[in-house]
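Chemist: Just so you know, the sequences run in chain order A and B.
Numbering-wise, this note's numbering comes out as the position in the first sequence, counting from 1, plus 73.
Numbering-wise, this note's numbering comes out as the position in the second sequence, counting from 1, plus 190.
FYI, nobody ran anything at the bench for these hints, they're computed from the structure.
Worth double-checking, as some hints may not be accurate.
[Said to hold, decoys possible] Result set (PhoX-like, lysine-lysine): computed pairs, CA atoms no more than 20 Å apart in a straight line:
no.: 1; chain 1: A; residue 1: 137; chain 2: B; residue 2: 264
no.: 2; chain 1: A; residue 1: 258; chain 2: B; residue 2: 207
no.: 3; chain 1: B; residue 1: 264; chain 2: A; residue 2: 141
no.: 4; chain 1: A; residue 1: 212; chain 2: A; residue 2: 141
[Unchecked claim] Selected chain B positions facing chain A (Cβ under 10 Å, derived; list incomplete):
no.: 5; residue: 228
no.: 6; residue: 243
no.: 7; residue: 244
no.: 8; residue: 245
no.: 9; residue: 253
no.: 10; residue: 285
no.: 11; residue: 289
no.: 12; residue: 290
no.: 13; residue: 292
Quantities reported herein were computed from a predicted structural model and do not represent experimental measurements.
Just so it is clear, CB atoms sit at the ideal spot from N, CA and C, and this is done for glycine as well.
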Amino acid sequence: MDEQIHDIGTELNDEQLMIAVQKGDKTAYEALVLRYRDDALRLAYHYLHNWEDARDISQDAFVKVYLKADSFDPAQRFRPWFFRILVNHSLNFLNRKKKVKFLSIFQRSRENEEAILLDQLSDDEGIGHEFQNRQMVWKALAALSGSHRDVLILHEMQGFKEQEISEMLGCSVGTVKSRLHYAKKRMRRLLSEELK
Amino acid sequence: MNCAKIQKKLDETNSLKDFEQELAVEEKNHLNECAHCQDSMARYRGADNIVSNMQKIEPPVNISQNYMAGLFQKLENDERPDKTVKIVKPRVQWAFVRTALAGVAGVLIIFGVWRFGFHSGSTIPSEYPTSDSLEYYVESFNEVSSLNPVYVVKEIEYDLSDYERSDAEDQ
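The following block holds chain A by itself, in its conformation from the complex (with noise of 0.2 Å):
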């Protein structure tokens, strides 16, 4: 089983592997999840700061992306389609948990993020340092608009391109890149100021 989902994950692309999908087909959702579940929980997590939180978020997204394949358009391309509705997903999640203000999601998550942290790091000098520096991007994300928050993490974060996140969010190129630019700007002043 493992096999046949390695061998259909690396022969087929997003767009054939969801064709498959839409036909029911088990093994091309299993190969399509292995292949974004990281970048899900990654991006999940800049926006919830809480690895459990992230996991069940992109799970529900994951969910939705077989509920609803027939609505998949395969002329379209599936990654900024799936993300947008990750990104859809875990907005909703934080203004149904009324945890819009990003500080209130730090101070929230702070004790299990050390926890998992702890885990991951050995070193404690480590630990303290990147925690800090998560720290130190969360507020300054939390002192950013929305909109500008979602490019940069899309963006800084996440290593989507320009094109893709004016698919994602439904609006120009130049609209991305005029964001990204304003929130790179911001971003880099505030942190400057924090590492003072």
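Place chain B on chain A using the hints.
Modeler: Chain B alone, transformed into the frame defined by chain A:
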């Protein structure tokens, strides 16, 4: 060469690589000599590194380990047809409410017109003189009085001795 010019360029740049390439010779010289500008640039570089390092965050092993099992469990739950109970909220039929209210208002208006007529104020029947009509009568009377002569009966002085005299004659 002043620091503000360098700072402005630093603020406006999209990437530090571009910034360094676009510097003029005298700006480069200033940057090499000025500790303040060097510090600013170092902080900006640090900020860029922190942001780009966010890309390298890896999900913890315990989170990605049982990911598929959890996902398929959710999928199974979502596929079950009786999973969700649809709660149908009673919807207010505003169109009906509006029409009904308009109808009631129309009936009230028609009844009011039929019962009281269009005139406002007192509802005392017209055969009884109202305060307005009394004034009218008084005015009319005054007018008529001024046009006709007034006959005043002059006071008559009676001589009582005449009565006494006639009484005596009768006796």
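Chemist: Name the hints, by number, that the structure is in violation of.
Modeler: The structure conflicts with hints 4, 5, 10, 11, 12 and 13, although it agrees with all the remaining ones.
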